[in-house]
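Chains A and B, in that order, are what the protein sequence lines are. Residue numbering for the first sequence follows the working numbering, beginning at 1 and increasing consecutively. Residue numbering for the second sequence follows the working numbering, beginning at 1 and increasing consecutively.
Hint data in this document are derived by calculation from the structure and do not stem from the laboratory. All residues carry an ideal CB built from backbone N, CA and C; glycine is no exception. Be aware that one or more of the hints could be misleading.
Unchecked claim - Dumping the calculated DMTMM-like pairs for lysine to aspartate or glutamate here, alpha-carbon to alpha-carbon at most 20 Å:
1) B:Lys75 x B:Glu228
2) B:Lys344 x A:Asp107
3) A:Lys174 x A:Glu114
4) B:Lys215 x A:Asp121
5) B:Lys171 x B:Asp186
6) A:Lys113 x A:Glu124
7) B:Lys215 x A:Glu26
8) B:Lys215 x A:Asp107
9) B:Lys215 x B:Glu18
10) B:Lys344 x B:Asp192
11) A:Lys174 x A:Glu15
12) A:Lys132 x A:Asp121
13) B:Lys75 x A:Asp85
14) B:Lys75 x B:Asp236
15) A:Lys174 x A:Glu26
Claimed, not checked - What follows is a list of derived Cβ distance ranges for each label pair:
16) B:Ile161 x A:Asp107: 43 to 49 Å
17) B:Ile157 x A:Gln209: 51 to 57 Å
18) A:Ser84 x B:Gly27: 24 to 30 Å
19) B:Ala324 x A:Arg54: 20 to 26 Å
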Amino acid sequence: MLEARDVVSGYGEVEILHGVSIAVEEAEIVTIIGPNGAGKSTLMKTIFGLLPLRKGKVFFAGEDVTGLAPQAMVSRGVCYVPQSDNIFPTLTIHENLEMGAFIRRDDYRGRMKEIYELFPDLAERRGVRAGKLSGGQRQMLALARALMLEPRLLLLDEPSASLAPNMVELVFAKIQEINRSGVAMMMVEQNARHALALSHRGYVLAMGQNRLEGTGEGLLNNEEVGKLYLGG
Amino acid sequence: MVRSLTQTAALIGRARREYAGLADKVGTVGLWLLIGLLLLVGVIATRQNLATGIIVGSVYALGALGITLIFGILKFAHFAHGDMMMFGAYVALAAFVGGGKIGPLSFGWGMIFAIFVSMAALGAGSIAIDRAVYRPLRRRRSGAVVLAIASLGIAIILRAIMLLWWGPDQKLYVAGIHPARQLPFDIRLKPDQLFIVATCLVLIALVYLLLFRTKMGKAMRAMSDNAELARVTGIDTEQVVMWTWIIGGALAAVAGVLLGIQSNLKPELGFTLLLPLFAGAILGGLGSPQGALVGAMIVGISQEVLVGIDLPFPPFGVPGYKPAVAFGILILILLVRPRGLFGKT
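The shape of chain A in the complex, shown without the other chains (with noise of 0.2 Å):
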């Protein structure tokens, strides 16, 4: 369903990317894993369109995506979640997903109830304002609200950051949930044992270069990853 072809990208200056490639296919929870600097989250933010890709070539559900910019993305149905500051603090949780539904110009309110459905924390307190929320909650409601548009890919950069070992459980457990109601997902984590336990397919990536794919299982047992990135 998307296909990143030998993608070059970096940040002024700084090339980062030279050459990634990965595919995410129907359905599939495909995790990038790799050490700090090896350009996981500039991956994904050019895919996205958040940075100019310099060479390569992007495809998404058979069409070239190359160098959209991200609100033509969202609206081919990617949405994308950052890793922090990824809700709008002084607006209340329903204003938040709202806001998620801004380009719809049908009627959302189903899709706002089965949101509320799937979130029940964040149905009983809708009218709150979102900063008052705690860190897990926060991801919660910066899931939901991407899920507004009902997308068919969602990008998620780290969203176990920073969280209390519980809440990656849960957190973990919901984007799960969301995938099997059919909607990929393309993940970046530093958690790698645990994002991999539950991933079809994952990709390491080292120094802005592809170092190895597998299944995740297959990552998991693999000595080098092992040793490598999963501390041993």
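Given chain A, work out where chain B should sit, using these hints.
Frame of chain A, contents of chain B only:
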């Protein structure tokens, strides 16, 4: 040894944070006490000046609201706002061709028509200026300072146009004497002044409804919170910017006309407005609409009340000290609580 050092460092860090939190609370409580004292003095000593302060403050509020919205969404200090207000007053002067009187007011429906013409002209003009000047700078990723200096350039151009077209002399909408009326509590006000306050209240209510009840208003608040996230979410940020200029420009137009009704029209008045407008917006917390309303009102009241108290040292008793009062408030708030009364940390 190392362990005890890190522990000490952690302790000092915590004490520092607690001190900062305490200082913030003391500052906030102190500020609200000062504001309460000001109102009390106004009510006891000089109710007439308090009333005038509320009128001036409500006009400032319309200007400060525009400044705070523009700052929140475009992230720069719009130094052309005062001149834009005055420009709006002159546009209304050009569009005002008489037209009878409404009740006790000094003007008639012709003025209401002129206000709408001015709002439309400044709304459209603001979009045109954005397209010609600010948008190209945004595309080049220019910083807040570059944009602020550009707005200073726009301010100078607007003032030059006013000078060329309407001349340097003071102008009035309706010449003649408009007597004030005796109201309860020893207050004397002209009917025009009540019109000013009523118009401001209606507009503030409309802006509030827009920001909290409409999709575009919520998107404006969202973009003010986090412009990058707004873009990522799919919000049409250029459309949000356009609406910000329409609202900011239209409010500035009305504020300018009301100020012209309250006193008079003069090209250089616009620039002197900047100080109280920014003092109000910063006092309330830049980017916060509620803050701009409260802050501007406090600045307006302070100016009139302090100047109305008869004490033998400045700023009391001398109208010329009004700008100094606004400047004093600005310095005080920047020292005590730079994020303002309602600002985000």
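Comparing the hints with the structure gives:
1. B:Lys75 x B:Glu228: It holds: about 12 Å lies between the C-alpha atoms, which stays within 20 Å.
2. B:Lys344 x A:Asp107: Not OK: B:Lys344 and A:Asp107 at ~33 Å, beyond 20 Å, violated.
3. A:Lys174 x A:Glu114: Holds, at about 14 Å.
4. B:Lys215 x A:Asp121: 24 Å, violated
5. B:Lys171 x B:Asp186: Given that 20 Å is the threshold and the Cα spacing comes to 31 Å, the pair is violated.
6. A:Lys113 x A:Glu124: Roughly 12 Å separates the two Cα atoms, so the pair holds.
7. B:Lys215 x A:Glu26: Between B:Lys215 and A:Glu26 the Cα gap is close to 33 Å, so the pair fails against 20 Å, i.e. violated.
8. B:Lys215 x A:Asp107: 13 Å, holds
9. B:Lys215 x B:Glu18: Status violated; Cα separation ~40 Å.
10. B:Lys344 x B:Asp192: 37 Å, violated
11. A:Lys174 x A:Glu15: Violated - the C-alpha atoms of A:Glu15 and A:Lys174 are around 35 Å apart, more than 20 Å.
12. A:Lys132 x A:Asp121: Roughly 14 Å between the alpha carbons, so the hint for A:Lys132 and A:Asp121 holds.
13. B:Lys75 x A:Asp85: 17 Å, holds
14. B:Lys75 x B:Asp236: Answer holds: B:Lys75 to B:Asp236 is near 17 Å, not above 20 Å.
15. A:Lys174 x A:Glu26: 19 Å, holds
16. B:Ile161 x A:Asp107: 43 to 49 Å: About 48 Å separates the Cβ atoms of B:Ile161 and A:Asp107, which means 43 to 49 Å holds.
17. B:Ile157 x A:Gln209: 51 to 57 Å: Given about 53 Å between the Cβ atoms, the range holds.
18. A:Ser84 x B:Gly27: 24 to 30 Å: Between A:Ser84 and B:Gly27, where Cβ atoms are some 29 Å apart, the hint holds.
19. B:Ala324 x A:Arg54: 20 to 26 Å: 56 Å, violated
Going through the hint list in order, the structure does not satisfy hints 2, 4, 5, 7, 9, 10, 11 and 19.
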